[in-house]
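Undergrad: Residue numbers (our numbering), protein chains in the order written: chain A, 1 to 292; chain B, 1 to 252.
Treat the hints with care, as some may be off.
Pairs of lysine to aspartate or glutamate, DMTMM-like flavour, derived with a Cα cap of 20 Å [stated by the list, open to error]:
#1 K137/B <-> E192/B
#2 K161/A <-> E130/B
#3 K32/A <-> D91/B
Since the hints were made in silico from the structure, they are not lab data.
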Amino acid sequence: MSFISYLVNGVSLGGIYALIALGYTMVYGIAKMLNFAHGDVIMVGGFTVFMTMSLGGVSPAVAVLAAIIVCTLLGVTIEKVAYKPLRNATPLAVLITAIGVSYLLQNLALLIFGSNSRTFKSVVPVKAWKVNDTLTISGEAITTIVVSLVIMLALTLFINKTKIGSAMLAVSEDRGAAQLMGINVNRTISITFAIGSALAAVASVLLCSSYPQINAYTGAMPGIKAFTAAVFGGIGSIPGAMVGGILMGIIENLSRAYISSQIADAIVFSVLIIILLIKPTGIMGKKYNEKV
Amino acid sequence: MKALETKNLGITFGGLKAVDGFTISIEQGQLYGLIGPNGAGKTTVFNMLTGVYKPGSGAFFLEGQPLLGKSPVEISKCGIARTFQNIRLFDKQSVLDNVKLGLHNRFPYSAISGVLRLPSYFKNEKLMDETAIELLKVFDLDGEAYTIAANLPYGKQRKLEIARALATQPKLLLLDEPAAGMNPNETAELMENIRFIRDRFKISILLIEHDMSLVSGICEEITVLNFGKILTSGKTADVLSDPEVIKAYIGE
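Chain A with its partners taken away, still in its complex shape (with noise of 0.2 Å):
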C-alpha cells in the first residue's frame, strides 16, 4: 500500500513540477528564450498568499487570488522591462538578463522578508482521503492532481481552440509571417508571459501547501527541476512539458521512497541525462530531419 501512496505524492508533486514547467516551454516556444526567473515568481507567488493571509487576513481564495494577479503582473512587468528591449539582441545576453532577474527577485525577498524560513499555513480546505487502514492521501495531494489536471485541459483547450492560442503557435513557427498576417507579436508573448506566470502563482500556492515552508530561495529549485522536467517532456511542447513534469514528479518520490532521500535529486538528473542521451529532443520533442 506504502508503494501507492508514494506514486500519488509522486504525482502530486509532477503535476507542480508541470505548471511550472509548462511556464518554461511556452515562453521558449514562441519567444525563444530560457526565463530563468522563472522559478522566483513562484516564490513572489508564495509569498504574496502567506503576507495576505498573515497580515492582511483575508480568506485563502482571495489570498490565492491575489497571488495569481501579483504573479501576472510581474511576469509581465519583467518581460516588458528587462526581455523586451533585447528582442533582437543574441540569446547569450536574454540569457544572462535571466539569470539576473532572478538573482534580483531572490535577493529584493532576502532584503524584504529576511533569510529565516517562515511557516506557510496550508490553504486547501479539502480533508485527507482514508482510503484503508494504511493508506491515506493527504488533501493537498488530492487538490494538487484535481487542480493542474484541470488547468491543463483548459490550457490546451485555449491553445488549440481559440484564434490567440492559435496566434501563439504562429508566432512560434513564424515570427516574421506571423505580423505580416496582422498578428502583434509583442502582445502575443506578453500574454504568454502572462499564461505562464499565473501557471505559476498556482503552483506556488499548491507547493507551498503541500511542504509548508517559504524564504527567498523556494522557487530556486522547484524551478530548476521544472525546467529539466521541461527539457525532458521536450521543450517547446506544451504536452511534453505536462508529460515531464508528472514523470519528474514520480521518478524523485519514488527514488526518494525506496532508494535514498539524500539522492534522489541526483537520481533525477541522471534519469534526464539518459533520455537526451537516447533521444535528444526530449520525450515528446519532434525530429527534424535537415533537408540538404
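Start from chain A and add chain B according to the hints.
TA: Same frame as chain A, now just chain B:
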C-alpha cells in the same frame, strides 16, 4: 485615387544602396508587375511596403493614406497583404487555421472570453470558420480544410498562401514570385486565378515575377528594377521591347 503611390523610396544596407529613388503609382484594380534581374532589390521593395524594413528615404501611400513608419501589423490592418517567394505557411497548423490566422484582426474577442468561453468566443469562432471555408472554396481547397498545411502539394500551398493573405481583407496584394517552381500548365492556371482574384475581391495586385509569359500575359503595367534603381516603367509591351531592358536581362 491611386491604390498605391511610392515617392523616392530608398534604403541602404551598410553603404550599399539596395533600393534608391523607387517611385511608382498603381491604379485601383490594376495588375502591376515588378521585374528585374536577381538581386535588383524587388523583394526589398516588398519588405519596405509591408513595414519589415524601415525605408531610409521617401514615402508611400495606400489610397492616399501615408504608411511610412508604420509597423507590419499596422500596415496589415491598413490593407496591404503579401505572399512569400519561399512559401512561409504555418506548416504545423491545419489549412483552415492558416486562413483563420489571416482573419485574426477581423473578428476580435478578448483572451479572457477565450479562457472562459463566453458567448462572444463561440460567435466569433463560428464566423471565422464560415469566412475561412468560404475563402477556401474560392481556391478549391475546402476539401482539405483539416489537412496539415505542410502535407499539401506545392501548388496548393501557393494557393493557400494567397488565400491566407486575402483573409486579411487587403486593398493591395503583393505576390512575390507566385509562379516560382510551377510548370507551364500550372502557370497558365495561376494567371487565370490572379485575374479572378482581382475581379472577385476588387483589389489591386503588385507582383514580382521572373516568368515572362506570366508578366506579359497579365500585367497591365510594369516597372523594371536593376541594381536598386528603376530602369524604366510603362505599358508592358513597350517596356519588354525596350533595348535597355533586354540588355539588363540577357546582356548585349
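Undergrad: What's the verdict on K161/A and E130/B, does the C-alpha distance respect the 20 Å limit or exceed it?
TA: 15 Å, holds
Undergrad: Do the alpha carbons of K32/A and D91/B lie within 20 Å of each other, as the hint requires?
TA: The given pair, whose Cα atoms are some 18 Å apart, holds under the 20 Å limit.
Undergrad: Taking 20 Å as the top limit, are the C-alpha atoms of K137/B and E192/B close enough?
TA: 16 Å, holds
When each numbered hint is compared with the structure, no violation occurs for any of them.
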